[in-house]
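When you get a sec, could you build the whole thing from the sequences and use the hints?
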Amino acid sequence: MTTTVAMATPVPEPRPLIPEIVLPRLGLSSASILVIDEAGHPIYAKRTRDQRPIASITKLMTAMVVLDAAVSLDEPVTILEEDRDQMRHSRSRLRIDRAATLQRRQVLAVALMSSDNRAASALGRTTFPGGKPAFVDAMNRKAAALGMTESRFADPTGLDGNNISTAEDLVKMARAASSYALIREITTTGEMEVQPYGDGGTLHYRNTNPLVRNPDWHLELSKTGFVNEAGHCLVMRAVIGGRLLSIVLLDSPGKRSPVGDSTRLRKWLESQRSGLSG
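Numbering (the numbering used here), first residue to last: 65 to 342.
Rather than coming from a laboratory, the hints here were simulated on the basis of the structure.
These numbers were taken from a predicted model, which means no experiment stands behind them.
Just so you know, even glycine gets a beta-carbon here, dropped at the ideal spot from N, CA and C.
Accuracy of the hints is not assured; some may be wrong.
Stated by the list, open to error - In silico lysine to aspartate or glutamate, EDC-like type, Cα no more than 20 Å apart, as pairs:
#1 K236 with E214
#2 K331 with E249
#3 K206 with D224
#4 K206 with E145
#5 K236 with D280
#6 K236 with D132
Claimed, not checked - Beta-carbon label-pair distances, calculated as ranges:
#7 G265 with D114: 43 to 53 Å
#8 N278 with G318: 35 to 45 Å
#9 Q150 with P83: 37 to 47 Å
#10 E146 with A209: 37 to 47 Å
This is the structure we're talking about:
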């Protein structure tokens with residue numbers, strides 16, 4: 065008689081637990097916070113595994129998928145009716161009735177730097193023959209490849225509240241995004257101009273993160289995000305006190321709150337480096 069031996073299902077190795085490291089005297093308002101160095105040592109950690117909507121932080125993944133696809137960045141991309149935000153009715157200066165058209169590189173820049181949702185939608189629509197469904201599949205495959213086990217993507221803009229992640233996963237995404245020179249360049253650019261219309265009219269865009277224009281900061285990557293259920297979010301890679309740090313701030317209550325939290329963190333980190341406080 066042949067005996068069948070049941071094979072045990074492999075159990076994935078548990079991820080190392082990042083301990084809570086919260087300093088109440090800093091008075092940070094973001095619900096989830098992670099500041100971690102390149103060696104993986106946490107410096108500040110608060111609710112780092114809470115799954116939350118991530119709003120336009122999503123656009124970092126969108127940019128990576130576009131660049132991985134190796135589509136022409138010089139190809140013109142026209143904003144169409146299907147790029148209109150029917151979910152939250154967000155505004156855009158890339159007008160559909162005027163057939164706003166830019167090179168894909170510029171569309172990527174507008175999506176990342178000023179967080180324009182029509183631009184991000186057009187990238188998702190035009191990158192693969194299968195349109196947005198194929199694009200979202202690629203986003204989730206990329207997340208899996210990066211080990212972002214607690215993340216899910218539902219659309220390329222971040223408008224969909226089903227785009228969720230954790231502070232720990234977003235550190236992985238930020239590190240991966242910073243390996244793309246174009247993403248680093250765009251997300252740390254303070255402002256830019258584009259001409260999407262044939263009559264030569266110019267649109268001026270500013271980065272949604274004011275810290276990129278602050279000489280006290282040395283940023284290598286930056287992305288903001290906001291929808292109601294996500295709160296105000298900020299992901300950055302910054303050199304502080306001579307160390308390259310990944311900073312994730314999620315679900316902050318006010319528009320300026322992530323900037324305030326970031327500034328308090330930077331000042332505290334610099335004081336630690338200089339030995340001014342314990």
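So, going through the hints one by one against the coordinates:
Taking the CA atoms of K236 and E214, the gap is near 11 Å; set against the 20 Å cutoff, the hint holds. For the hint pairing K331 with E249, the CA-to-CA distance comes to about 25 Å; that exceeds 20 Å, so the pair is violated. Our distance criterion of 20 Å between C-alpha atoms is met by K206 and D224, whose separation comes to about 18 Å. Note on K206 and E145: the hinted pairing is violated, with a Cα-Cα distance of about 28 Å set against a maximum of 20 Å.
The straight-line distance between the Cα atoms of K236 and D280 is roughly 25 Å, outside the 20 Å bound, and the hint therefore fails. Restraint check for K236 and D132: the C-alpha separation of about 17 Å stays at or below 20 Å, so the hint holds. Checked against the hint of 43 to 53 Å, the C-beta distance between G265 and D114 comes to roughly 44 Å, which is consistent with it. Our hint of 35 to 45 Å for N278 and G318 is violated, since their Cβ atoms are close to 18 Å apart.
Checking the proposed 37 to 47 Å range against Q150 and P83 shows it holds: the Cβ atoms sit about 43 Å from each other. Separation of E146 from A209 is about 28 Å and departs from the stated range, judged on CB atoms against 37 to 47 Å.
Violated hints, listed in ascending order, are 2, 4, 5, 8, 10; each of the other numbered hints is respected by the structure.
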